[in-house]
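Residues per chain, in single letters:
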Amino acid sequence: GDSVTQTEGLVTLTEGLPVMLNCTYQSTYSPFLFWYVQHLNEAPKLLLKSFTDNKRPEHQGFHATLHKSSSSFHLQKSSAQLSDSALYYCALSGEGSNAKLTFGKGTKLSVKS
Amino acid sequence: NAGVIQTPRHKVTGKGQEATLWCEPISGHSAVFWYRQTIVQGLEFLTYFRNQAPIDDSGMPKERFSAQMPNQSHSTLKIQSTQPQDSAVYLCASSRGHERLFFGHGTKLSVL
Chain A
6 GDSVTQTEGL VTLTEGLPVM LNCTYQSTYS PFLFWYVQHL NEAPKLLLKS FTDNKRPEHQ
66 GFHATLHKSS SSFHLQKSSA QLSDSALYYC ALSGEGSNAK LTFGKGTKLS VKS
Chain B
6 NAGVIQTPRH KVTGKGQEAT LWCEPISGHS AVFWYRQTIV QGLEFLTYFR NQAPIDDSGM
66 PKERFSAQMP NQSHSTLKIQ STQPQDSAVY LCASSRGHER LFFGHGTKLS VL
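In order, the protein sequences belong to chains A and B.
Heads up: the first sequence runs through residues 6 to 118, numbered per our numbering.
Heads up: the second sequence runs through residues 6 to 117, numbered per our numbering.
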């Protein structure tokens with residue numbers, strides 16, 4: 006079945022350093038990939054969604070590139086901010102008309118000064 | 006737009022009791038999803054409805070979990086004979102279909 010793997014459970018960074026959160030997936034079709042972010046005591050919300058034309062989505066300084074050859078959609082940011090501390094989930098879309106998302110286990114990003 | 010509303014925010018039950026969780030999706034959204042969130046497993050899909058019809062319940066534990074959507078303005082997730090391993094945050098989300106999911110703040114279920 007479909008699956009998403011996020012290898013790091015916790016990433017701790019110093020403010021100003023680059024961020025890279027890993028996401029790989031397994032699927033028998035060509036899914037859309039997503040990143041959702043959940044700040045403390047808040048609901049998860051969409052951060053990025055992959056495009057069909059290989060453009061690189063960007064939002065709030067974050068970007069991710071879908072590499073179908075390696076089944077990856079890593080999340081990156083050039084300079085971490087304290088406010089980036091949150092739980093990040095990678096997800097893939099369902100096949101065809103199935104709208105459900107399959108999520109990874111999440112990566113907690115902790116940015117320190 | 007109040008977003009997705011989930012009630013209660015916290016629920017404490019004793020082992021073996023029943024728990025019913027409520028979700029009010031965003032008006033106009035045709036799809037409603039239920040997920041379970043734990044530190045160990047992350048966000049686990051449970052079930053989803055489109056236009057009130059059940060579409061995919063592949064994530065639901067078969068014996069004690071059930072979900073319904075009697076009208077377009079609310080869905081319920083019922084857990085019978087709750088067990089300590091059911092303790093988690095249960096998240097409801099809605100969407101217009103193949104677009105972004107809008108999540109509620111969740112119901113934190115604690116089974117003692």
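Since the hints were made in silico from the structure, they are not lab data.
Quantities reported herein were computed from a predicted structural model and do not represent experimental measurements.
Check the hints yourself; a few may be wrong.
Unchecked claim - Derived coverage of chain A by chain B (criterion: at least 3 residues anywhere in the stretch with Cβ under 8 Å from a Cβ of chain B; other residues may be distant): (1) 47-53; (2) 106-115.
What the hints assert, rightly or not - Quick list of in silico lysine-lysine cross-link-like pairs, BS3-like style, CA-CA up to 27 Å: (3) 16(B) x 50(A); (4) 16(B) x 67(B); (5) 16(B) x 113(A); (6) 50(A) x 60(A); (7) 50(A) x 20(B); (8) 16(B) x 110(A); (9) 60(A) x 117(A); (10) 113(A) x 82(A); (11) 113(B) x 60(A); (12) 82(A) x 117(A); (13) 20(B) x 83(B); (14) 83(B) x 50(A); (15) 54(A) x 83(B); (16) 117(A) x 73(A); (17) 50(A) x 113(B); (18) 50(A) x 113(A); (19) 20(B) x 113(A).
What the hints assert, rightly or not - What follows is a set of in silico ranges between Cβ atoms, one per label pair, in the way DEER data are often shown: (20) 118(A) x 102(B): 39 to 45 Å; (21) 7(B) x 70(A): 33 to 39 Å; (22) 34(A) x 62(B): 18 to 24 Å; (23) 46(A) x 32(B): 37 to 43 Å; (24) 115(B) x 100(A): 32 to 38 Å; (25) 113(A) x 62(B): 27 to 33 Å; (26) 115(A) x 46(B): 26 to 32 Å; (27) 75(B) x 113(A): 35 to 41 Å; (28) 113(B) x 23(A): 30 to 36 Å.
Beta carbons: idealized from backbone N, C-alpha and C, even for Gly.
Each hint, compared with the structure:
1. 47-53: holds (count 5)
2. 106-115: holds (count 6)
3. 16(B) x 50(A): 23 Å, holds
4. 16(B) x 67(B): 22 Å, holds
5. 16(B) x 113(A): It holds: about 25 Å lies between the C-alpha atoms, which stays within 27 Å.
6. 50(A) x 60(A): Status holds; Cα separation ~21 Å.
7. 50(A) x 20(B): 32 Å, violated
8. 16(B) x 110(A): Holds, at roughly 24 Å.
9. 60(A) x 117(A): 32 Å, violated
10. 113(A) x 82(A): Within the cut-off at roughly 15 Å; holds.
11. 113(B) x 60(A): The hint is violated at about 38 Å.
12. 82(A) x 117(A): It holds: about 15 Å lies between the C-alpha atoms, which stays within 27 Å.
13. 20(B) x 83(B): Given pair residue 20(B), residue 83(B) holds - Cα atoms ~15 Å apart, limit 27 Å.
14. 83(B) x 50(A): Distance of about 25 Å is within 27 Å: holds.
15. 54(A) x 83(B): Judged against 27 Å, a Cα distance of about 32 Å means the pair is violated.
16. 117(A) x 73(A): 33 Å, violated
17. 50(A) x 113(B): 18 Å, holds
18. 50(A) x 113(A): With a Cα-Cα distance of about 15 Å, the restraint between residue 50(A) and residue 113(A) holds, given a limit of 27 Å.
19. 20(B) x 113(A): 31 Å, violated
20. 118(A) x 102(B): 39 to 45 Å: 42 Å, holds
21. 7(B) x 70(A): 33 to 39 Å: With a Cβ separation near 35 Å, residue 7(B) and residue 70(A) satisfy 33 to 39 Å, so the hint holds.
22. 34(A) x 62(B): 18 to 24 Å: Check passed, 21 Å falls within 18 to 24 Å.
23. 46(A) x 32(B): 37 to 43 Å: Violated, at about 25 Å.
24. 115(B) x 100(A): 32 to 38 Å: 35 Å, holds
25. 113(A) x 62(B): 27 to 33 Å: 30 Å, holds
26. 115(A) x 46(B): 26 to 32 Å: 20 Å, violated
27. 75(B) x 113(A): 35 to 41 Å: Hint holds: Cβ distance 37 Å, inside 35 to 41 Å.
28. 113(B) x 23(A): 30 to 36 Å: Check passed, 34 Å falls within 30 to 36 Å.
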